[in-house]
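Number of protein chains: 2
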Amino acid sequence: MKFGGTSVASLERIRAVAAIVRREVDAGHSVAVVVSAMAGETNRLVELCAEAGEPAPALDARNVEYDAVVATGEQVTSGILALVMQNLGYRARSWQGWQIPLKTDAAHGKARISEIDDAELGEAIDNGEIAVVTGFQGIGRGGRISTLGRGGSDISAVALAAALNAARCDIYTDVDGVYTTDPRLTKQARRISKISYDEMLEMASVGAKVLQTRSVELAKAYKAPVRVLSSFDPPDAPGPGTLICDEDDIVEQNIVSTVTPDFDEATVTILAVPDEPGRAAGIFTALAGANINIDMIVQSASRQSGFANISFTTKEGDLDRAVKLLKDEQEKIGFKSLQSDRRVAKVSVIGVGMKSHAGVAATMFNTLAEKGINIQNISTSEIKISVLIDSDAAEYAVRALHEAYGLDHKKQPAQA
Amino acid sequence: MKFGGTSVASLERIRAVAAIVRREVDAGHSVAVVVSAMAGETNRLVELCAEAGEPAPALDARNVEYDAVVATGEQVTSGILALVMQNLGYRARSWQGWQIPLKTDAAHGKARISEIDDAELGEAIDNGEIAVVTGFQGIGRGGRISTLGRGGSDISAVALAAALNAARCDIYTDVDGVYTTDPRLTKQARRISKISYDEMLEMASVGAKVLQTRSVELAKAYKAPVRVLSSFDPPDAPGPGTLICDEDDIVEQNIVSTVTPDFDEATVTILAVPDEPGRAAGIFTALAGANINIDMIVQSASRQSGFANISFTTKEGDLDRAVKLLKDEQEKIGFKSLQSDRRVAKVSVIGVGMKSHAGVAATMFNTLAEKGINIQNISTSEIKISVLIDSDAAEYAVRALHEAYGLDHKKQPAQA
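One line per chain: the protein sequences are A and B, in this order. Per our numbering, residue 1 is the first one in the first sequence, and the count goes up by one each step. Per our numbering, residue 1 is the first one in the second sequence, and the count goes up by one each step.
Since the hints were derived computationally from the structure, they do not count as laboratory data. Careful: at least some of the hints might be erroneous.
Identical chains blur together in the list; that is why a pair holds if it fits in one copy or across any two.
What the hints assert, rightly or not - No more than 25 Å apart at the CA atoms, straight line, and that leaves these computed lysine to any residue pairs for SDA-like:
no.: 1; residue 1: K315; residue 2: H357
no.: 2; residue 1: K355; residue 2: N127
no.: 3; residue 1: K103; residue 2: S340
no.: 4; residue 1: K355; residue 2: V251
no.: 5; residue 1: K355; residue 2: D249
no.: 6; residue 1: K103; residue 2: G142
no.: 7; residue 1: K103; residue 2: D117
no.: 8; residue 1: K332; residue 2: F284
no.: 9; residue 1: K220; residue 2: S114
no.: 10; residue 1: K194; residue 2: P277
no.: 11; residue 1: K220; residue 2: D249
no.: 12; residue 1: K371; residue 2: L271
no.: 13; residue 1: K209; residue 2: I294
no.: 14; residue 1: K194; residue 2: R15
no.: 15; residue 1: K324; residue 2: F232
no.: 16; residue 1: K103; residue 2: A119
no.: 17; residue 1: K187; residue 2: T269
no.: 18; residue 1: K371; residue 2: Q330
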């Protein structure tokens with residue numbers, strides 16, 4: 001069982017979590033509970049570190065101290081939850097990453113788990129003790145505390161579930177499952193009972209916030225069944241949530257499972273780049289060097305003029321840095337001018353069924369054309385089609401696609 | 001070097017501490033820095049634990065979790081100070097108790113240090129790295145985090161100084177040294193250059209707040225020279241502080257070193273207790289069982305009546321509990337009535353010179369008699385005389401005794 005920051009945001013919330021844990025223990029399950037820092041606590045600690053000095057370059061000694069400071073957030077939550085469980089009459093103890101030990105590499109601030117020695121932990125659980133484990137952290141080289149980066153508590157939970165051969169990894173969060181689309185955009189959004197690892201990976205890659213890529217990759221690698229469910233349901237009437245599992249364990253496959261919008265997009269168009277080998281590489285090498293993630297690249301070459309236009313998307317938060325970097329390099333790269341636009345959104349349809357069904361892309365393009373929505377850019381994978389459109393049209397597009405792929409309530413699939 | 005909670009209360013204060021550490025390092029010293037939690041942080045964490053459940057009995061599993069939670073305070077300070085030192089261009093790292101390891105017994109919440117393995121720590125310091133150590137905590141049985149109780153950071157500092165064979169242990173605090181009496185009571189109070197371990201022990205025992213008994217005992221046992229000085233002095237113009245050292249290292253001994261008042265006193269008088277063996281023992285066993293510390297016991301037996309009056313002092317905070325407990329036991333103990341009084345204070349004169357000089361007690365009693373101050377109770381040790389007086393007279397008594405023992409500015413000792 002894993003509980004994130006909003007689920008343990010206050011002592012009242014921690015007591016609610018304890019009631020959920022109690023329910024599972026009383027039902028006869030052996031339980032390890034992974035907890036995040038109380039909501040707001042990690043940010044407070046990160047801010048304190050930032051005030052103590054300029055941000056540190058990767059793998060610097062400063063990152064090691066940053067990890068030692070930030071890891072205290074989960075240490076507090078784990079101790080408090082163990083106390084609350086003890087006061088309810090249960091045997092419980094907190095486990096810090098270094099106590100297990102959950103070993104990581106030395107990439108402080110974004111460490112990767114290298115090994116979990118679950119002998120002592122597993123023995124305690126087998127003896128009927130509730131293990132309350134600090135998420136997000138482990139022990140790196142030289143016995144120093146390391147942290148796994150944002151979303152790290154999910155990674156801790158999935159990795160522990162795999163190491164302990166857990167029957168299931170329940171990720172409790174502030175939503176009650178994975179939805180066919182963002183419920184804030186349409187009342188037609190439905191909770192999905194089962195979804196495959198690959199679809200969740202695509203969802204994470206296009207900006208869905210439920211689970212981050214690394215935790216899903218890990219679950220897939222170890223075939224660990226992960227359930228997403230709400231910690232805000234009454235403890236005695238939990239919702240069923242969404243099970244994330246192997247494609248083969250899902251009997252009734254939808255062709256398209258989700259329509260996922262991403263409003264955190266911006267485009268940059270570089271006009272009249274000399275159409276010579278290495279020019280595009282120079283641009284993207286510079287952006288990568290500044291740690292700016294780019295996506296959806298389109299190059300429209302024009303052989304006659306000897307120039308090409310290059311356009312790409314990036315996250316809105318990176319746009320200003322990207323534009324500044326490119327303007328600083330304008331002379332070196334040799335382009336004529338540059339345009340940027342924040343009023344764009346990416347809408348993706350995702351479904352493993354695409355692999356075996358034709359016509360999914362056609363349905364998408366026809367639907368958007370019928371609604372008069374212009375597609376600025378397209379990218380695809382084996383189980384995903386993404387289009388970049390005007391952000392003002394995104395909500396309309398999501399509703400239309402949700403209906404077109406038969407995801408609305410009480411309707412049968414309409415596509416091929 | 002040890003810095004307490006008020007010395008690291010904010011990032012601004014931590015930067016001031018860094019400037020002091022820097023001065024010592026630049027002067028060529030190898031340095032280990034022991035830090036407390038930022039002021040207020042320990043109380044916040046203790047409060048969070050208290051809200052999570054009722055206070056735990058000693059050695060309970062709950063104390064283990066309490067320690068895991070409360071220990072995060074020092075962990076944050078040590079990481080932040082290490083970061084600040086690094087940003088000043090120094091090599092520094094934080095050391096948690098378990099990383100050293102600083103081993104303790106299993107008395108969680110008030111653990112005692114059993115062993116310090118200083119091999120790795122000492123090597124790091126010898127290599128020129130500044131070691132920033134979390135005070136107050138260590139690692140107990142089963143690899144669990146333990147804490148040393150209030151004042152524990154001083155104990156950590158003295159124990160580390162002893163283990164590392166440090167030339168000196170500098171305790172930085174919010175006062176600039178040990179004074180002949182409380183400077184708030186008289187402008188005649190003077191900072192003492194050198195004071196013996198035994199005198200400091202007596203001062204701690206009569207309520208002086210500078211250093212707690214356990215840290216002074218430890219310093220005495222290992223003959224570790226401890227200096228008390230202010231972290232609020234300008235880093236480039238530090239005050240000399242007070243050196244706490246062996247009696248033999250103090251050339252010019254005062255007969256009396258300090259006049260120490262303690263206003264945190266209350267008296268309980270039990271009237272007409274049957275004068276039989278075991279009655280007094282019953283009273284004090286009951287009080288000890290409730291963890292109520294008592295002091296200055298006087299029994300005035302009257303063989304004729306067959307009854308005795310018993311009076312003792314306790315801390316003001318314990319008075320109500322003591323009175324309630326005794327009233328509950330009144331029938332069993334068989335006393336007639338009970339009186340209590342908060343308007344008392346204890347004034348102690350302390351000095352190793354008493355051992356070889358007569359007349360110290362006489363000076364005290366004569367001085368108080370001259371000023372018309374009534375002595376309610378007296379207790380003595382080899383190097384201390386304490387009297388219990390009306391609290392309203394305490395300030396006057398302190399000034400008179402301070403003068404009588406020649407502790408005022410620019411005067412020569414007046415007593416024998």
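Hints versus structure:
1. For the homomeric pair K315 and H357, neither the shortest alpha-carbon distance inside one copy (32 Å) nor that between copies (82 Å) is at most 25 Å.
2. Within a single copy, K355 and N127 get their C-alpha atoms no closer than 46 Å, and across copies no closer than 60 Å, so neither meets the 25 Å cut-off.
3. When the C-alpha separation of K103 and S340 is checked against a cutoff of 25 Å, the pair qualifies neither within a copy, at 44 Å, nor between copies, at 60 Å.
4. In the homo-oligomer, the alpha carbons of K355 and V251 lie at most 25 Å apart inside one protomer (16 Å), although the nearest pairing across protomers, at 92 Å, exceeds that limit.
5. Within a single copy, K355 and D249 get their C-alpha atoms as close as 17 Å, which meets the 25 Å cut-off; across copies the closest is 87 Å, which misses it.
6. Taking the shortest alpha-carbon separations for K103 and G142, both the intra-copy value of 11 Å and the inter-copy value of 19 Å come in at or below 25 Å.
7. For the identical chains of this complex, K103 and D117 are neighbours both inside a copy (8 Å) and across copies (23 Å), given an alpha-carbon limit of 25 Å.
8. With identical chains, the CA atoms of K332 and F284 are at most 25 Å apart within one copy only, with a shortest distance of 13 Å there and 88 Å across copies.
9. Taking the shortest alpha-carbon separations for K220 and S114, only the intra-copy value of 17 Å comes in at or below 25 Å, while the best inter-copy value is 47 Å.
10. For the identical chains of this complex, K194 and P277 are neighbours neither inside a copy (46 Å) nor across copies (79 Å), given an alpha-carbon limit of 25 Å.
11. Proximity of K220 to D249 under the C-alpha cut-off of 25 Å is restricted to the intra-copy arrangement: shortest distance 13 Å within a copy versus 70 Å between copies.
12. In this assembly of identical chains, K371 and L271 lie within 25 Å of each other by CA distance neither inside one copy nor across copies; the values are 30 Å within and 97 Å between.
13. Taking identical chains as interchangeable, the C-alpha atoms of K209 and I294 lie at most 25 Å apart only when both belong to the same chain, with a minimum of 18 Å there against 61 Å between chains.
14. For the homomeric pair K194 and R15, neither the shortest alpha-carbon distance inside one copy (29 Å) nor that between copies (53 Å) is at most 25 Å.
15. Within a single copy, K324 and F232 get their C-alpha atoms no closer than 44 Å, and across copies no closer than 45 Å, so neither meets the 25 Å cut-off.
16. Within a single copy, K103 and A119 get their C-alpha atoms as close as 13 Å, and across copies as close as 23 Å, so both meet the 25 Å cut-off.
17. Neither within a single protomer nor between protomers do K187 and T269 lie at most 25 Å apart by alpha-carbon distance, with minima of 36 Å and 76 Å respectively.
18. For the identical chains of this complex, K371 and Q330 are neighbours neither inside a copy (39 Å) nor across copies (90 Å), given an alpha-carbon limit of 25 Å.
Taken one by one, the earlier hints fail for this structure at numbers 1, 2, 3, 10, 12, 14, 15, 17, 18, listed in ascending order.
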